[in-house]
Amino acid sequence: MKYLSEYRDPELAKKYLEEIKNTVSRPWSIMEVCGGQTHSLVKNGIIEMLPDKITMIHGPGCPVCVTPLNLIDKAIHLATEKEAILCSFGDMLRVPGSQKSLLQAKAEGADVRILYSPLEAVKIAEENPEKEVVFFAVGFETTAPANALSVVHADRRNVKNYSILASHVLVPPAIKAVMDDKESQIDGFLAAGHVCTIMGNTEYHPLSTKYKVPIVVTGFEPLDVLQGILMVIRQLEQSKSEVENQYARIVREEGNLDAQKVINEVFEVRNQMWRGIGEIPDSGYAVRDKYAGYDAIRKFDIFIDEAPENPLCISGQIMKGIKKPYECSQFGKTCKPENPLGAPMVSSEGACAAYYHFSGMVEI
Amino acid sequence: MCLAIPGKIKSIETKYGGMVRMAKVSFGGIVKEASLEMLPDAEVDDYVLVHVGVAISKVNEEEAQKTFKYLEEIGELGELGDVDEYLPKPE
Ligand code: SF4
Chain F
1 MKYLSEYRDP
11 ELAKKYLEEI
21 KNTVSRPWSI
31 MEVCGGQTHS
41 LVKNGIIEML
51 PDKITMIHGP
61 GCPVCVTPLN
71 LIDKAIHLAT
81 EKEAILCSFG
91 DMLRVPGSQK
101 SLLQAKAEGA
111 DVRILYSPLE
121 AVKIAEENPE
131 KEVVFFAVGF
141 ETTAPANALS
151 VVHADRRNVK
161 NYSILASHVL
171 VPPAIKAVMD
181 DKESQIDGFL
191 AAGHVCTIMG
201 NTEYHPLSTK
211 YKVPIVVTGF
221 EPLDVLQGIL
231 MVIRQLEQSK
241 SEVENQYARI
251 VREEGNLDAQ
261 KVINEVFEVR
271 NQMWRGIGEI
281 PDSGYAVRDK
291 YAGYDAIRKF
301 DIFIDEAPEN
311 PLCISGQIMK
321 GIKKPYECSQ
331 FGKTCKPENP
341 LGAPMVSSEG
351 ACAAYYHFSG
361 MVEI
Chain C
1 MCLAIPGKIK
11 SIETKYGGMV
21 RMAKVSFGGI
31 VKEASLEMLP
41 DAEVDDYVLV
51 HVGVAISKVN
61 EEEAQKTFKY
71 LEEIGELGEL
81 GDVDEYLPKP
91 E
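Chains F and C, in that order, give the protein sequences. Heads up: the first sequence begins at 1 in UniProt numbering, then just goes up one per residue. Heads up: the second sequence begins at 1 in UniProt numbering, then just goes up one per residue.
Pulled out of the complex, with its shape left as it was, chain F reads as follows (with noise of 0.2 Å):
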């Protein structure tokens, strides 16, 4: 496919990792941000393949991973008491919330639907006229223009009874997080590539000079993910912190106006929790005021205390890249993707279901 397979000719990706292993000449830890990117890093084996002075740092980039627990409840809530239509990404539906996932609440007759983009659930919206249709709204920069796109589109039909479940999160916060965090220690940073499509490079210019650490934004193949790591190492071994762009084919440097266009209008930036990490300041999208029709959370007015987190999982220090899955003591016994305790275990860009399917742990 165009675009897509040359991006994982292995002529190339071995001569990418013999320059390298050629450049490294210190040890240097590098956090790949992105969930997609630590899939790709696992599946191909790259990992093992890179030289031992490198290590590379599973950042918190996994949507599914960081929305809270009290937010699962709520959209179980909504799903079960409400009756509402509950429509999401797949991925979402096995998270486990602190009674059971969505999965089982659809396996015990709730409406949970699961869809390919929220503007399906417009449509669905229409269709059912008696009922109440609310979108599990979750996802990062890339995914927020498509969810307040869905908005604006309920709003210009004039669809009353949709609404969305919002729990966005947002990444320069979340570097900024984890460099004020005293136990991590990275030098360099893979910035993910589809969220710099929307968003561009510019927040990310202040955080490589603050913190002295190169950001490349990087794509997501085989390919992307060697050459951004050539040019973090690359500049580190110069003593460089700078803001380069791997990912040059899709990312313009102002990003996409119009998505962001569409994200103003329909989001205001807020604080907002991660599950496993924590309140970070800023990090998080609420829906304004002027749809807060659309919101569900202020369209029915639900209250669910915190519950507390399974303590055996330690999602939180592999999020922040102290911990490597397999430290944690219930890595592949009692946590697995079929049976979740964390999210990390659940969704495919978790770090802990990528380690537990490409470490030789299944055949798949």
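Worth double-checking, as some hints may not be accurate.
[What the hints assert, rightly or not] On the chain F side, residues computed to face chain C include the following (Cβ under 8 Å): (1) Pro145; (2) His194; (3) Ile250.
Derived by calculation from the structure, the hints in this document are not laboratory data. Heads up, the beta-carbon is just placed ideally off N, CA and C, and yes, glycines get one too.
Take the given structure of chain F and dock chain C with the ligand to it, following the hints.
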């Protein structure tokens, strides 16, 4: 879930009384609908990156070559001495 993949625009139509511009996008033969509201100037035959039903960026063909030329570039330039000058730089 942050997966976004490139596909080629096959056709474009407006829906909902001209309010929404939608494209049929082919991903290696599989055709799906995508909203073009974030890419008002996208045209038929353009390659676009699609995420959850919304096209979010056009693929820049010229830039797409660079990943393949990068090693060559830094290798060649290494011999000339000054590599840095040719590395992509932030604005
Ligand atoms: S392996 Fe399971 S229990 Fe351990 S950190 Fe990962 S998700 Fe949590």
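Each hint, compared with the structure:
Because the smallest distance between the Cβ of Pro145(F) and any Cβ of chain C comes to about 6 Å, under 8 Å, the interface hint for this residue holds. For His194(F), the interface hint holds, the least distance from its beta-carbon to any beta-carbon of chain C being 5 Å, beneath 8 Å. With a cut of 8 Å, the hint placing Ile250(F) at the interface with chain C holds, because the nearest CB-to-CB distance is about 5 Å.
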